[in-house]
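Enquirer: Sequence lines, in order, name chains A and B. Heads up: the first sequence begins at 223 in my numbering, then just goes up one per residue. Heads up: the second sequence begins at 364 in my numbering, then just goes up one per residue.
Just so you know, these hints were derived from the structure itself, not from any lab. Values in this document were obtained by computation on a predicted structure and should not be read as measured data. Each residue gets a CB set at the ideal place from its N, CA and C atoms; glycine is no exception. Warning: the hint list may mix true and false statements.
Stated by the list, open to error - Just the calculated beta-carbon pair ranges, DEER-fashion:
hint : chain 1 : residue 1 : chain 2 : residue 2 : range
1    : A       : 376       : B       : 399       : 31 to 39 Å
2    : B       : 396       : A       : 310       : 41 to 49 Å
3    : B       : 395       : A       : 295       : 25 to 33 Å
4    : B       : 437       : A       : 344       : 16 to 24 Å
Take a look at the letters that make up each chain.
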Amino acid sequence: MSAPAASPTRTAAARVVDASKVYGEGATAVVALDGVTVDLPAGRFTAVMGPSGSGKSTLMHCVAGLDTLTEGRVLLGDVELGSLSDKELTLLRRDRVGFVFQAFNLVPTLSARENIVLPDRLAGRSPEPGWLDEVVRTVGLGDRLAHRPSELSGGQQQRVAVARALAGRPEIVFADEPTGNLDSRSGAEILGFLRRAVDDMGQTIVMVTHDPLAAAIADSVLFLADGRIVDHLAGPSPAAILDRMSSLDRSTPDPTAGG
Amino acid sequence: MFTTLLAHHDGWGDGPGPWALIPLTFSLLWLSVIVFAVLRFRRGGGPPWARHGGRSVLDERYARGEITADEYRERRDVLREQGR
Numbered sequence: 223m224s225a226p227a228a229s230p231t232r233t234a235a236a237r238v239v240d241a242s243k244v245y246g247e248g249a250t251a252v253v254a255l256d257g258v259t260v261d262l263p264a265g266r267f268t269a270v271m272g273p274s275g276s277g278k279s280t281l282m283h284c285v286a287g288l289d290t291l292t293e294g295r296v297l298l299g300d301v302e303l304g305s306l307s308d309k310e311l312t313l314l315r316r317d318r319v320g321f322v323f324q325a326f327n328l329v330p331t332l333s334a335r336e337n338i339v340l341p342d343r344l345a346g347r348s349p350e351p352g353w354l355d356e357v358v359r360t361v362g363l364g365d366r367l368a369h370r371p372s373e374l375s376g377g378q379q380q381r382v383a384v385a386r387a388l389a390g391r392p393e394i395v396f397a398d399e400p401t402g403n404l405d406s407r408s409g410a411e412i413l414g415f416l417r418r419a420v421d422d423m424g425q426t427i428v429m430v431t432h433d434p435l436a437a438a439i440a441d442s443v444l445f446l447a448d449g450r451i452v453d454h455l456a457g458p459s460p461a462a463i464l465d466r467m468s469s470l471d472r473s474t475p476d477p478t479a480g481g
Numbered sequence: 364m365f366t367t368l369l370a371h372h373d374g375w376g377d378g379p380g381p382w383a384l385i386p387l388t389f390s391l392l393w394l395s396v397i398v399f400a401v402l403r404f405r406r407g408g409g410p411p412w413a414r415h416g417g418r419s420v421l422d423e424r425y426a427r428g429e430i431t432a433d434e435y436r437e438r439r440d441v442l443r444e445q446g447r
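Use the sequences and the hints to build the structure in full.
Expert: Put into structure tokens, the structure is as follows:
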């Protein structure tokens, strides 16, 4: 009888294998991802960091099915994205993926509540009332649900976007610089809600950020440079992240430096 | 005939009395429905029953980050133009 492993590997919500992404061809080709292999564990908060042009956004877009790889595979749960048609990809994103963006991406003519249930409504699902209440309570939006995005502050708009991402109970939530447009206090609140979604609801979150304070709230941080994963920190402190970032900046050749 | 009937009612004094307000109320009601429909049509970029179509697809693609805010605004304006 085999004993269970001492530290069992968590199931991966998403898995990237030998992923490469090249934009353009020939002499003008730009390699955005260069042989990336990584597991994004379920029920965990993973931050992805790196200098601009390191491929972190490309990686997120490819895992989320918003962009396709040149080579390699992406598995979301047990589904390989490369095997899906455009229509199947759209349905997969609708059913299994949630998004939070830097620019909120709320529909201006809809109320906060209508924005939150929009993905469910378009997918022909009726949102579970109890779950919706819990999500709305988690992000502290109770009395603002009838407001339009233009009547809300940036922080409140991003709360609506977080609620929208969580409402459909997706397998994985991708957050692309979710605090990038917010003041530090609103940003900290949003990060707190994302953290609670992981701790209390078991949500899987992958967040791209350049802010060490934001990344420090994650369970682990992946560092990308020149399209490769160059480091990984578990349970990181802002200081450790900052330290790692500055060493990356030094080792990455500066394209404006001439030569 | 209606007014004649009313005019014969002693308790209401001279003239048609408050019953005449009923057709007036109904015409006001219809007028407000029409005004509301026209305003809604102009503002929402099409009649409400046509929202499930281009606009819904656009909303969803924006919500999922497949298009940027600029692209969303641009295409929404195009749909609105076509709706007129």
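Enquirer: Can you let me know if the beta-carbon spacing of residue 395 (chain B) and residue 295 (chain A) is within 25 to 33 Å?
Expert: Check failed, 60 Å falls outside 25 to 33 Å.
Enquirer: Does the beta carbon distance between residue 437 (chain B) and residue 344 (chain A) stay inside 16 to 24 Å, or does it fall outside?
Expert: holds, 21 Å
Enquirer: Hint says 41 to 49 Å; check whether the CB-CB distance for residue 396 (chain B) and residue 310 (chain A) agrees.
Expert: holds, 44 Å
Enquirer: Confirm or reject the claim that residue 376 (chain A) and residue 399 (chain B) have a C-beta distance inside 31 to 39 Å.
Expert: holds, 33 Å
Comparing the model with each earlier hint shows a violation of hint 3 alone; every other hint is respected.
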